[in-house]
Amino acid sequence: MENAIELSHVSKAFGRFQAVDDLSLHVPRGSMFGLLGPNGAGKTTTIRMIMAITAPDTGSIQILGRPMDRKTQNQIGYLPEERGLYRKMKVIDHLYFLAAIKEVSRDTARKRIDGWLEKMELRPWLNKKVDELSKGMQQKVQFIATIVHDPDILILDEPFSGLDPINVALMRDYFIDFRARGKTIVFCTHVLEQAEKLCDEITLMARSKKILEGSLKDLKRRSSEGLLRLSAKATVAEIGGLPGVASAKAFDGQYVVELQKGVAQRDFLKQALERYDVEAFSQKEPDLEEIYIDAVRNAGIEETRTIE
Amino acid sequence: MNWKKIFAIVRREYVERVRTKAFWIATLLIPILFLGFLAIQISISRKTGGVRNIAVVDLTGNMEKPLAAELTAIEAKQTKEAEGRKGPHWSLEPRPVTGSVDATKDALRREVLAKRMNGYLVLDAKQLENGEAEYFSSTVSDFIAQVQLQDAIRNVWMRQKIQARGLPPDLANELERRMNMKVFKVTEKGTAEEKGAGILAVLVFLILMYSTFFMYGYQVMRGTIEEKSSRIVEIVIASVRPTELMLGKIIGIGLVGLTQYFVWSLVAMNLSLPVVAGFLAGGGDMGVPRIPISMLGYFMLFFMLGYFLYASIYTTIAAPFNTDQEAQQLAMIPMMLILGGFLVYPAVMNNPNGGVALFFSLFPFTASLVMFLRTAVSEPPAWQILLSIVLLLGTTVVLAWFAGRIYRVGILMYGKKPTIPEILRWVRYSPGKAPQPEAKVG
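Chains as they are written, first to last, in the working numbering: chain A, 1 to 308; chain B, 1 to 442.
Don't read these hints as lab results, they were simulated from the structure. Just so it is clear, the structure is predicted and the values come from calculations on it, not from any experiment. Hints may contain errors.
Unchecked claim - From chain A, some residues computed to sit far from chain B (all C-beta separations above 12 Å):
| id | residue |
| --- | --- |
| 1 | N3 |
| 2 | L64 |
| 3 | F160 |
| 4 | S223 |
| 5 | A250 |
To be verified - In silico BS3-like pairs for lysine-lysine, Cα to Cα no more than 30 Å straight-line:
| id | chain 1 | residue 1 | chain 2 | residue 2 |
| --- | --- | --- | --- | --- |
| 6 | B | K80 | B | K65 |
| 7 | A | K71 | B | K4 |
| 8 | A | K197 | A | K220 |
| 9 | B | K4 | A | K111 |
| 10 | A | K129 | B | K21 |
| 11 | A | K249 | A | K233 |
| 12 | B | K4 | A | K128 |
| 13 | B | K80 | B | K182 |
| 14 | A | K249 | A | K197 |
| 15 | B | K4 | A | K90 |
| 16 | A | K88 | B | K182 |
| 17 | B | K4 | A | K129 |
| 18 | B | K21 | A | K90 |
| 19 | A | K128 | B | K21 |
| 20 | A | K270 | A | K233 |
| 21 | A | K135 | A | K111 |
| 22 | A | K209 | A | K233 |
| 23 | A | K209 | A | K197 |
| 24 | A | K135 | B | K21 |
| 25 | A | K217 | A | K135 |
| 26 | A | K284 | A | K197 |
| 27 | B | K4 | A | K88 |
From the three backbone atoms N, C-alpha and C, an ideal C-beta is built for every residue, glycine too.
Pulled out of the complex, with its shape left as it was, chain A reads as follows (with noise of 0.2 Å):
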C-alpha cells in the first residue's frame, strides 16, 4: 500500500459541463502533493470525489487501499474552500462538536487542541461565539478542527487564504513535522508560489484534465537540460548565431539560451568566452510558473490562468 490516494479514470459532468474528465492520479504516502491549476480547472471537484461528497460518473476512487468508508472518513482531516462555522456557537463547543462528528472524544480532543489554541492565541476567544471572531480566526478556528483527530491524510483547499504570516508559517511547521510523520498532505492551490516552496509532488491540471505530473525535483530537472542564464557584451543575434545554440532571448537584461540536443554546455561556452566578454553565466532552473505555462502550452490549451 504505497500511495495514500489514487484515482483511476475518473470523470464527472454537471449537465452539459465536463468539471473533470478522465483523470487519474495518486498521491504517495508520506509526500506533499501538490494539485494545482487555474480556478475552474476541476480541483474542488476531484476533492470532492475524494472525499465522497459528489460521487464521480464514472472511474473508481481508493483511499489507503479501499474506497471511502467510515473508518477511512475518520482518517482524513478536509479543509474545503467553501468553509464556514455555525456562526451562534462558541468557539469551544465548536471545536468538540467537529471533533465528535469524527468520533473524537471531549478529553481528548481537549488534550489535542490546547497546543494549538496556546500558540494561535485563540484562548481568550475560546467562550467567545464565532459571530465575535474575525475572519483569520475563524481560519484558524477551522484549521484545529481539520487536525483535530489527528488524522493519517490531510486534504486542503487553498489553506493559506486570509491568514497573517506568523500563522501561515506555524502551519507550514505543522504539515513539515506532519509528514516526518509518514502522513500525507494534498493540497489544492492556483497560488503556485506556495505549492513550490511545500510540494514534492504536483500534478497540474487545467480544463478538467491533467496536464502534468511528477515529483517538483524532476520535473525541474528535465525543464533546466540545456537551460543557460548569460550575460554578455553582445545582440541576440549574435548569441543565437554560436554553433550548438537552438534560440536566444533577451530576459531581464540577461540572455536565455537554448542548447541543441546533445551539445554540451562547456563547448557552448567556450566558443561564447573566445567571441564576447562573459560577464556572468549561469544554470538556469526554472520556477514552477515556468513549468507551469509551458504545460499549458504544450497541452495545445490556451492561457486561461488568473492570477491572484
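Could you slot chain B onto chain A? The hints should help.
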C-alpha cells in the same frame, strides 16, 4: 447509519437551541399570554353583572309587570347558583306610546344616544305571535344579558297563552324545564359519560400537534438553510453522511419541542390547571379533565409520525436554497397541508366514522391530525388505524428518500436559485449512470 455521529448532531441541535434566550422567552411567555387570555375571559364573563336600564314599549298592555317579576326571579336564582357571581340586574321603565309608535321609538333612540338608558324593548302582540320581539341598545354584543331577557319574554308570553286557554299555570313551569341529554361514549370497555372535558383535552392536543408540525418543521428548514448559507455544511458532510445530518437535525429539533411541552406541562400543573378547572367548574360539573392512557398513546404515536413526515418535507424544501426568502414560496405547501388537517376538525367531530373522516385519516398528509382525532372521539376499526399508520410511515420513508436525494445535491449548490424542474432532475440523478444535473461549481 452511525449513531455516534447522529448523536453528536442531535446534541448540537438540541443544546444550541435550548441555550438561547429566545427559546426560554417563548417557553415562558406563551403560558403567561395564555393565562392572561384566560384571565381576560373570566373578567369579561364577570362583567355581565351590573344594571341594565331599559324602557319597555308594551303594545300588548299586560306584559311589562310580569316581565319585571320574571327577570327578578331569574336574577335571584342565578345569584344563588353561581355563588355570588352576579348576573345582570334589569331595571324596567314602562313607556306609554305618545303619538305614533315610530315617534316614541325615535324619542327613545335619542335618550339611548344621550346615555340616559341602555336600551329599549318593543313588545308587539303580532310579532310575539311569530316568536319575535325587538330590542334596541347601544351595545348589541351583551349576549348573556340578551339571552336572559329573551328567555324571560318567552316564559311570560307562554304563561299568558296557557292561562288564556284555561290550563293550569303550573303547566308552564313543567314546560319550561329544559331537556338535558347526557352523552355516553360506547367503548369496548363499557360506557363512560362524556363530560366535555375530554373533548377539550383532544382540542389542546390537536393544537399542540398542529403548532409543532408548523413551528418546528419550519425550524428544521431554517437550520438547513443556515448550514448552507454559513458554508459549514461541506465541513460537516466530510464527516457524516447527508442522511445522518438530516436525521440528527430532525431528532434534535423535535427534542427541543418536547422540552418546551415538558416545561409547559409543569407550568400547567402548578398554575393554570386549578384556574382552568375552576373556570370550567363554574359552568357545570366538568371537573379536571381525565385524559385516558390510550389517548396519550395515540397522541405520542401520531405526533411522532406527523413530525417526521413534515420535517422531511421541510428539509427537502430547504436543501436547494440559500436564503429563507427563496424557500418561503415552497414552504407554503406543508403549511397548507398542516392547516388542512386542522380545518377538517369540525367535519370529523360531527361524524368521526363518515367518509370525510375516513379519507382525511388515511391521506398521509392529514392522517396524523385526523386519525388521532378519530381515535379520541370514536373507536375506528383497527384496520383503519393500522392502514393509516402504514401509509404515514410509507410516505415518510419515500419522502425521506426523496429529501435525501435533493439534499445530497442541493446542499453544495450555491449561486442562482434553482427552478423546480431542475430540482426534480436532482432526484432522478443517480451516480455513475448519467451526468449530475446542472450545478454551479467552484
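Taking the hints in turn, this is what the structure says about them:
For A:N3, the non-interface assignment is confirmed: its Cβ lies about 20 Å from the closest Cβ of chain B, beyond the 12 Å cut-off. Non-interface call for A:L64 relative to chain B: holds, since the shortest CB-CB distance, roughly 16 Å, exceeds 12 Å. Chain B leaves A:F160 outside its interface by the beta-carbon criterion, the shortest separation being 17 Å against a cut-off of 12 Å. No Cβ of chain B comes within 12 Å of the Cβ of A:S223; the nearest lies about 30 Å off, and the non-interface call holds.
The claim that A:A250 lies off the interface holds: its Cβ sits roughly 40 Å from the closest Cβ of chain B, which is beyond the 12 Å cut-off. Proximity of B:K80 to B:K65 is assessed by CA-CA distance (about 23 Å); at most 30 Å being required, the pair is judged to hold. Only pairs whose Cα atoms come within 30 Å are accepted, and A:K71 paired with B:K4 is accepted, the gap being roughly 13 Å. For the hint pairing A:K197 with A:K220, the CA-to-CA distance comes to about 13 Å; that is within 30 Å, so the pair holds.
For a cut-off of 30 Å, the pair hint linking B:K4 to A:K111 stands: about 21 Å separates their Cα positions. Between A:K129 and B:K21, the direct Cα distance comes to roughly 14 Å. Compliance with the 30 Å bound is thereby established for this hinted pair. For a cut-off of 30 Å, the pair hint linking A:K249 to A:K233 stands: about 14 Å separates their Cα positions. With a C-alpha separation of about 27 Å, the suggested pair B:K4 and A:K128 falls inside the 30 Å cut-off, and the hint holds.
Distance check on the hinted pair: B:K80 and B:K182 sit about 24 Å apart at the alpha-carbon level, within 30 Å; holds. Among the hinted pairs, A:K249 with A:K197 is consistent with the structure: their alpha-carbon atoms are about 28 Å apart, no more than 30 Å. Distance restraint check for B:K4 and A:K90: the Cα-Cα separation of roughly 22 Å lies within the 30 Å cut-off, and the hinted pair is therefore satisfied. Between A:K88 and B:K182 the CA atoms are separated by roughly 57 Å; this puts the pair beyond 30 Å, and the hint is violated.
For the hint linking B:K4 to A:K129, the alpha-carbon distance of about 25 Å falls within 30 Å, and the restraint holds. Our distance criterion of 30 Å between C-alpha atoms is met by B:K21 and A:K90, whose separation comes to about 15 Å. Straight-line distance between C-alpha atoms of A:K128 and B:K21 comes to about 16 Å, which keeps the hinted pair within the 30 Å bound. Taking the CA atoms of A:K270 and A:K233, the gap is near 15 Å; set against the 30 Å cutoff, the hint holds.
A distance of roughly 25 Å separates the Cα atoms of A:K135 and A:K111; the hinted pair therefore holds under the 30 Å criterion. Taken as a hint, the A:K209 and A:K233 pair is broken in the structure, with Cα atoms around 44 Å apart against an allowance of 30 Å. About 24 Å separates the Cα atoms of A:K209 and A:K197, which keeps this hinted pair within 30 Å; it holds. Of the pairs offered as hints, the one joining A:K135 and B:K21 holds, with about 26 Å between alpha carbons and a cut-off of 30 Å not exceeded.
A distance of roughly 36 Å separates the Cα atoms of A:K217 and A:K135; the hinted pair therefore is violated under the 30 Å criterion. For a cut-off of 30 Å, the pair hint linking A:K284 to A:K197 stands: about 18 Å separates their Cα positions. At most 30 Å may separate the alpha-carbon atoms for a hinted pair to count; B:K4 and A:K88 meet this at roughly 23 Å.
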